[in-house]
Amino acid sequence: MRQVSLKDLALTNQKRSPRVEALREAYFRAAPEICSERPRLVTRYSRDKKFFGKPVLSPLDKARLYRYVLENRQPVVAPDHGVDRDMKAFPVKARSLFAGSTTSHFKGVPIFPEFMGLALWPELLNIKERAANPYFLADDDVRVLNEEVFPYWLGDSIIERCRTRMNKDRAGEPVGERDAPEMVLLEHLVFFLTSKGNCISHTIPDFTKVLQVGLRGIIEEAQERGRQAEETEQRDFYAAVAEAMEGIVTFSRNLAREARRLADLTRDPTEKIELLAMADVNERVPEFPARSFREGLSTVWICWTAIHLENPDVGLSLGRLDQVLYELYRHDIESGALNIDQAIELLCCLWLKIGDHVPTVPATGEQLFGGTGSNQAITVGGVDAEGRDAVNDLTYLMIRATELMMLRDPNLNARYFTGVNPPAYLRRLCDVNLNTGATPALHNDRAVIAALTAKGDTLEQARDYGVTGCVEPGSNGRFYGATASVLLNLTSVLELTLYNGAHRHTGRDVLISERTGDPASFASFDAFKAAFVRQATWMIDRATNLNEALGRTHQDVYPTPILSSLFEGPMVKGKDLIFGGATINSSGASIIGFADVVDSLAAIQKAVFEDKAVTLPGLVQALDANFVGQDVLLARLRNPDKTPKYGNEQPAADGLAHWLAATLDALFARKINYRGGRYRVGYWTMTNHAGFGRLSRATPNGRRDGENFTSGMTPVSGVTPSLTKALHSVASLPPALLSNGIAVNLKYTPDHAHRDKMIDNFVASVEGYFDAALGGMGGMGGMGGMEIQFNVTTHDTFVDAVKNPQKYPELLVRVSGYTAYFKDLNPQMQQEIIERTEYDLGTGQAVEFTRAG
Amino acid sequence: MTRLKQFFLKLLSWFLPDRLVLRLMRKQIEDLKRAVEGTLTDKFLEILLGGMGLALLLLRGFRRNLAGFSGRYLFRTEDGAVAAGAYFANGRMQVLHKADNVYDVAVTFKDPAALRKFLFSCDQDILASILANEVSVDGNLNYIYKFGFMARDLVHRLGVA
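In order, the protein sequences belong to chains A and B.
Throughout the first sequence, residue numbering follows our numbering, covering 1 to 853 in sequence.
Throughout the second sequence, residue numbering follows our numbering, covering 1001 to 1161 in sequence.
One should not assume that every hint holds.
[What the hints assert, rightly or not] Some chain A residues flagged as far from chain B (calculated, every beta-carbon gap over 10 Å):
(1) 179
(2) 340
(3) 431
(4) 794
[What the hints assert, rightly or not] According to the in silico footprint, chain A covers these stretches of chain B (three or more CB under 8 Å from chain A):
(5) 1060-1068
(6) 1132-1140
(7) 1151-1159
These are computed hints drawn from the structure, not numbers from a lab.
All C-beta atoms, glycine included, are put in the ideal place defined by N, C-alpha and C.
Construct all of the structure, not just a fragment, from the sequences and the given hints.
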């Protein structure tokens, strides 16, 4: 069988089955429900075993804990009800083809008191009524969380343990009563954020091994290695692997037993057959090797629920499922055991299961950064480890399932290698973007592979990359990248430079960093840039210090034996992931406000130092006044003809973009993380560009107080009229400087009336952006742009969706990396999407529209 | 309040139904209502801590918040004009009307209105207080989450909000 044997790549005859239709309808009807099961079991075990206050918990301690939780979870074959947006229960009559769920609810909110779960504490009584994205919470669960769970974690959450650790490290310093400066900076919210207080790592597990040998094979390997290990830590690690895997086996068997019990109860023969088939699958896998496509998917699903029991649902991703599962699919199709309709139904059921939970977000988080899902990325297509075309039939089935379901999670990412993957595949990807309005994101294999090999990955590892969380590339199942370790607000570096170490958010009289010069003191733009680099160095040092302290805290109390067992590296090294067990051990930073800073630097260079249209102190005064009474200056700063802008192929601005990316890459590259790896830098912003923008005052590029920053690595909205120039500017940046991934967000006007023509142009725009002739700036070799993602929805539709959200419950959008439902985004983020530059593919020019609001 | 009086009030809580307790606390409830709504802002902290202390004695359900809990809070304004400590231990709450630098968490607020917004107002106002740097926290943030729940539980039980 050829890898691609489908006659119709769009699979237009494949529709949502009645089962999938019913489940999907319930999915969109359901509000998230907070689930107290996990925190209750984790807390009970931790209390009984006296874990609280212990300075160190070993991988074996944690493995025993998770085995206890897995064995004592209620085996829910299929939740029989959900709760609607009015917080009223409704029955879910259809049943998925996969047993089990992430929480005990149809659409659950898992709570991790070890991380940020306690932030929900003040809201427990009102969380059903909160303005943004309310959660259902049963009264008894309020009591459980308030009395039986949260009090035990007061001093034991990761962030609190880290704070204590940092204060101990500073013992003897004359620090007064304040916490460590890194913690204080974090709490100010405008300098940097870090994901480690909220999760372990954005990463991708390795499902290949468990599919081939089953958990029993992994257990036996761990036992054998344990017998041969010489060091106690290694023996303990191998014992932890066996312990954790036994827990997953029991969990699956419990589901099988429950399915049999339900089969005994039902009088419906069809239902009985389905339940018994489900029981058979869960008795077999994941303990033993998967023999069929369904068993393969079930293996992935059960392991995925176990991974999410251990690791918070923030950015964990499933990787290259079209590669991992292809042989099982092919075998079943060839043997006649499976047809395409059945395969599509299985995939749709799995997609719904993957989306059966939402992350914990407190009210303030919703206001600043709300609307996010769990960012569970799936990657399809591209090339294999030998560089051959890896697009197969299953790739197209997964794309079709995504098109049919239009869910926020999973977040589909498609790889494309120009000249290796078929053009028809790219055309299909563009077609799906037009149909869904927002997915999949497209990744340029040539550029991404170059970026990863530049950071030390072997060619084979790089070719086998998957996308993590939003857009971060990493070698599938062997890259422990912690890709959101540092989320740096770059505009704060600019602010500290302009205000001589102070920040207007914290007060101009409060010295935050170090004095690098009064605005009047800079004799040249080079002197200003030098000060900027000093401030950037200072902030990166602080941000990475905090990340390191959090990483050490994870090492103290949060080893991850489940994830470590399903990963390449730990088994060979006898070492948990958190101690550097993975094959690749990098950390990731993402930069927020890149385009705003590039344009601001360009404005300072041109308007202040070259044209002398304003002095630097004069510019600072204008910023302080939010440009009120400075209309002439503001017009000049915003005009691309007078002030160069990144995204217009203007050498001055694009040169600064290159300088800035190279500077940040070099500054982060100085650092070695707590696992022995290096930092990689990326440019994707989730919703942080809206949150940080809201907290930040006016900037020299003509952005006013509180306005959004620009998402990802996209040029600033409204200043790049030509699509081609915008794409060329972005693609001119060398991928080697962008190894933690980029998000380039474009908005295209849909043209369904001239569909074929539009898709022709769509394809041409992607091919042009991925063109290897681009990206040669700095003599680093042309590879084309790394990533691109789209919103293909009209401006008027977005404006109407703000006014009438009930009309658009399923309107899917690309934020900056992940997909989200437009209605769930906070108003500022909605406005940011509305104001993004929209291009008409027919003309290649930006579309004019009246600014909303 | 003397230990004896505290003991007597706690004893009462075992016999009196909550509706009678609420009637007993009419004055505190009215003050708290005005404080939460913002018409009696100047004494917000004093009223809140006083109401919490009394409710812990009289409302058995509310007292469950103290089971096994110990924590030391410092509330103060930037200028030091307002400072109060709240200590929770052994099922009791003690209020000190002065600053004490031994604490689990210290909340520094611009004025009592800022504290009120921080603890009670809708999402938008909490964000507004962060945006305006009206409130800063030093120490263990989890204790603030706990106090936030207790404050909202108090007004919920008293029918204030």
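Here is what the structure says about each hint:
1. 179: Not fine: 6 Å to the nearest Cβ puts residue 179/A too close to chain B.
2. 340: The claim stands: residue 340/A keeps its Cβ more than 10 Å from every Cβ of chain B (closest is about 47 Å).
3. 431: Since the minimum Cβ distance to chain B is about 40 Å, residue 431/A lies beyond 10 Å and the statement holds.
4. 794: Given that every Cβ of chain B is farther than 10 Å from that of residue 794/A, nearest at about 30 Å, it holds.
5. 1060-1068: holds (count 4)
6. 1132-1140: Holds: 6 residues of the region 1132-1140 of chain B have a Cβ under 8 Å from chain A.
7. 1151-1159: Answer holds; 4 residues pass the 8 Å Cβ test.
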